[in-house]
Amino acid sequence: MDLAELQALAEQERSKRKSIRVHCCTSTGCQAANSLGVKENLDKAVEETGMGDRVEVVGVGCMGFCGRGPLVQIDPMDTLYEEVTPETAGSIIHALNGGTAEPVQGDSQHPFFARQMRVVREHSGKVDPERIEDYIALGGYQALHKVLYEMTPETVVQEVSSSGLRGRGGGGYPTGLKWATVAKMPGDQKYVICNGDEGDPGAFMDRSILESDPHLVLEGMAIAGYAIGATHGYIYVRAEYPLAIKRLQKAIQQGKKYGILGSQVFNSPFDFKVDIRIGAGAFVCGEETALIQSIEGGRGNPIPRPPYPAEKGLWQCPTLINNVETFANIANIIKRGAEWYSSIGTEKSKGTKIFALTGKIRNNGLIEVPMGITLREIVEEMGGGVPDGEVKAVQTGGPSGGCIPASLLDTTVDYDSLIKIGSMMGSGGMVVMDKETSMVEVARFYMEFCRGETCGKCVPCRTGTVQLYSFLTKILKGQATAEDIEKMEALCYMVKDTSLCGLGMTAPNPVLSTLRYFKEEYLELLKQPQNGKVPV
Amino acid sequence: MPKTVTENAVTPSQGSDKKVKDDKRLKVLEITMKRNHYRQDVLIEVLHKAQESFGYLEPEVLDYIARSLKLPLSRVYGVATFYHLFSLKPSGAHSCVVCMGTACYVKGSGKVLEKLEQELGIEVGETTPDGQISLMAARCLGACGIAPAVVLDGAVAGKQTPESTLARIQEWHE
Chain P
245 MDLAELQALA EQERSKRKSI RVHCCTSTGC QAANSLGVKE NLDKAVEETG
295 MGDRVEVVGV GCMGFCGRGP LVQIDPMDTL YEEVTPETAG SIIHALNGGT
345 AEPVQGDSQH PFFARQMRVV REHSGKVDPE RIEDYIALGG YQALHKVLYE
395 MTPETVVQEV SSSGLRGRGG GGYPTGLKWA TVAKMPGDQK YVICNGDEGD
445 PGAFMDRSIL ESDPHLVLEG MAIAGYAIGA THGYIYVRAE YPLAIKRLQK
495 AIQQGKKYGI LGSQVFNSPF DFKVDIRIGA GAFVCGEETA LIQSIEGGRG
545 NPIPRPPYPA EKGLWQCPTL INNVETFANI ANIIKRGAEW YSSIGTEKSK
595 GTKIFALTGK IRNNGLIEVP MGITLREIVE EMGGGVPDGE VKAVQTGGPS
645 GGCIPASLLD TTVDYDSLIK IGSMMGSGGM VVMDKETSMV EVARFYMEFC
695 RGETCGKCVP CRTGTVQLYS FLTKILKGQA TAEDIEKMEA LCYMVKDTSL
745 CGLGMTAPNP VLSTLRYFKE EYLELLKQPQ NGKVPV
Chain L
-10 MPKTVTENAV TPSQGSDKKV KDDKRLKVLE ITMKRNHYRQ DVLIEVLHKA
40 QESFGYLEPE VLDYIARSLK LPLSRVYGVA TFYHLFSLKP SGAHSCVVCM
90 GTACYVKGSG KVLEKLEQEL GIEVGETTPD GQISLMAARC LGACGIAPAV
140 VLDGAVAGKQ TPESTLARIQ EWHE
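Line by line, the protein sequences are chains P and L. Counted from 1, the first sequence has number 761 at position 517 by this note's numbering; the numbering is strictly sequential. Counted from 1, the second sequence has number 36 at position 47 by this note's numbering; the numbering is strictly sequential.
Careful, some of the hints might be misleading.
What the hints assert, rightly or not - Taking lysine-lysine pairs in the DSSO-like style, the calculated list, with each CA pair at most 30 Å apart, reads:
1) P:Lys771 x P:Lys731
2) L:Lys23 x P:Lys500
3) L:Lys78 x P:Lys490
4) L:Lys16 x P:Lys494
5) P:Lys771 x L:Lys100
6) P:Lys490 x L:Lys16
7) P:Lys262 x P:Lys288
8) P:Lys579 x P:Lys494
9) L:Lys148 x P:Lys370
10) L:Lys104 x P:Lys679
11) L:Lys38 x P:Lys500
12) P:Lys517 x P:Lys370
13) P:Lys679 x L:Lys100
14) P:Lys500 x P:Lys556
15) L:Lys23 x P:Lys494
16) P:Lys679 x P:Lys771
17) P:Lys664 x P:Lys740
18) P:Lys494 x L:Lys38
19) L:Lys13 x P:Lys494
20) P:Lys740 x P:Lys556
21) L:Lys100 x P:Lys636
22) P:Lys501 x P:Lys579
23) P:Lys701 x L:Lys38
24) L:Lys148 x P:Lys288
25) P:Lys763 x P:Lys636
26) P:Lys679 x L:Lys148
27) L:Lys23 x P:Lys517
28) L:Lys100 x P:Lys718
29) P:Lys763 x L:Lys100
30) L:Lys100 x P:Lys721
31) P:Lys501 x L:Lys23
32) L:Lys59 x P:Lys556
33) L:Lys16 x P:Lys517
34) L:Lys59 x P:Lys517
35) L:Lys23 x L:Lys59
36) L:Lys78 x P:Lys701
37) P:Lys490 x L:Lys38
Honestly, the hints are just simulated from the structure, not real lab data.
From just these sequences and the hints, can you work out the full model?
Listed below in structure tokens is the structure:
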């Protein structure tokens, strides 16, 4: 396929589109609420009313407002219907001819939608994830063509560097720098790995991207392959995401069919094949060296760095590992330019970030916002606050992050500000808690998680998490003394400083941040003084 | 491409070998391995396939995979026990997985699990004595928008309460 053919296909697809497109969400969240039944009845209603010449029903990916699914959205009117059932679906189609639709109509001007800035999720909920043609119609794969024919690998790396993009998996390492390091490495065999092992509980951004717009990620990976000189890519996806795996498989097949993936991409000398590797339920595999071990078919035990994967990664070859959301940003950076991208966000955190806003909050779902927005804007304006209550804390960064108290809601969301207050950006989970949630219990919840997920290779993490868990249990049972809290805190720092990989280094964060901001809850649980004496 | 290193292969134990070879489910496994040219790095994928067709990973199957891929049995066993999704014990006819991710936890999935443990008389990770229901907990299903979520025989159900999940489970008994 060449550029003319790509553009012709895009044009042909666009002209085939009916004037009214009814988008029905078929992502995991909405499917669980029977959105497939809704889609079937929408199709039936189109047929019955004989509107097939101007109305088409399209199964699409995530629209973001997952808490109110199944969602149906109609273009070009931009009407949104929430909690549609198979029974009420037909009325939506009838309403197009005048008449009333039964399902609740959502407000697409609500801050939840209006305050978003969609770059990665631009086409999510509009594009059919199971048809490459639909992606191409929206300008897909033109960025890949552009890099292959108009740019050198060096200029691609340069463009990504000057965009200011930082790794979206949580660490925030400058993406361009990583690419440049791998590109400079000697050797003919290099690899690109996409880390889709989204293990943080409370985070589902990557699942949603893979389910809603898989080609966007594949395009980003292929561009990366060209830039660093790799011809083989792997996507590592959690086994818990069967729909994402299915759609990726389909997307890779379709890409090969059109000559966009595989050998001689767009008839150029560049080859790029992509394989999927499925995880098997191990949180530690999100750590890059553990992930490499897992791709090689072994236990997911991290190994000490350096050497970093950029130097010696998969099968000892230089390897580039980026997160799903990072790759999903690439095509847009190439298409619209680094200057445009770096105009979004703050000085040190550029672009947008997707968050999974969940927990005790009125509007829950996925939002994409520019970096630098405050937590208050996200939680109170977009999320609508806690139903019948007040926000007590917001947890970001999953088991590696911390709990931010309501008093710090005016903190801006960027990599450095969040680290400064003892939490971290993480992959993007944001769980809102109200006064019913005990912070000590939350700390123990995360410690139980880390205790179960530690790979057992290094001592501080293996035994430290178990000991921290017993301290927290002792506190919750009312058997602890003030000395126990001191010991626990000291142990936290020891585990943090001496663990081998990110899991252990960050595991104490939920404890430390709750100790920092909610110490009174720990103190209230201490052993009561007996006979007027405080036990030591 | 990785080189295939022949490590100390397991001595075949004839008895179990025959038992396994007679099994038709093994064909599926054989096809998966053949398609991947018996490369050792596809071990996890092969284990997924094995669990899918056998329901769990019995020792004979692990032994068979080890020999086919020319891997030490200790390595295969090590991988099978490292990952949470692989089970070395048979599971019940029905499965109920309660999501214990943060969002579900904050919205009361702990209470759902507690109720089920109470009613079924088993603890999480166990199967009812009649072999009907296996109760499990997941780290996070990524279905946080519809928390708390429970997976019943592979189908995700959102916004659950202890009562609603229990009602769904009781349907299995009928």
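Status of the hints after comparison with the structure:
no.	hint	verdict
1	P:Lys771 x P:Lys731	holds, 16 Å
2	L:Lys23 x P:Lys500	holds, 22 Å
3	L:Lys78 x P:Lys490	holds, 27 Å
4	L:Lys16 x P:Lys494	holds, 25 Å
5	P:Lys771 x L:Lys100	holds, 27 Å
6	P:Lys490 x L:Lys16	holds, 23 Å
7	P:Lys262 x P:Lys288	holds, 17 Å
8	P:Lys579 x P:Lys494	holds, 25 Å
9	L:Lys148 x P:Lys370	holds, 26 Å
10	L:Lys104 x P:Lys679	holds, 24 Å
11	L:Lys38 x P:Lys500	holds, 25 Å
12	P:Lys517 x P:Lys370	holds, 27 Å
13	P:Lys679 x L:Lys100	holds, 18 Å
14	P:Lys500 x P:Lys556	holds, 29 Å
15	L:Lys23 x P:Lys494	holds, 22 Å
16	P:Lys679 x P:Lys771	holds, 23 Å
17	P:Lys664 x P:Lys740	holds, 16 Å
18	P:Lys494 x L:Lys38	holds, 19 Å
19	L:Lys13 x P:Lys494	holds, 28 Å
20	P:Lys740 x P:Lys556	holds, 25 Å
21	L:Lys100 x P:Lys636	holds, 21 Å
22	P:Lys501 x P:Lys579	holds, 24 Å
23	P:Lys701 x L:Lys38	holds, 28 Å
24	L:Lys148 x P:Lys288	holds, 28 Å
25	P:Lys763 x P:Lys636	holds, 14 Å
26	P:Lys679 x L:Lys148	holds, 21 Å
27	L:Lys23 x P:Lys517	holds, 20 Å
28	L:Lys100 x P:Lys718	holds, 21 Å
29	P:Lys763 x L:Lys100	holds, 26 Å
30	L:Lys100 x P:Lys721	holds, 19 Å
31	P:Lys501 x L:Lys23	holds, 24 Å
32	L:Lys59 x P:Lys556	holds, 25 Å
33	L:Lys16 x P:Lys517	holds, 28 Å
34	L:Lys59 x P:Lys517	holds, 27 Å
35	L:Lys23 x L:Lys59	holds, 13 Å
36	L:Lys78 x P:Lys701	holds, 25 Å
37	P:Lys490 x L:Lys38	holds, 15 Å
Checked against the numbered hints listed earlier, the structure breaks none of them; every hint is satisfied.
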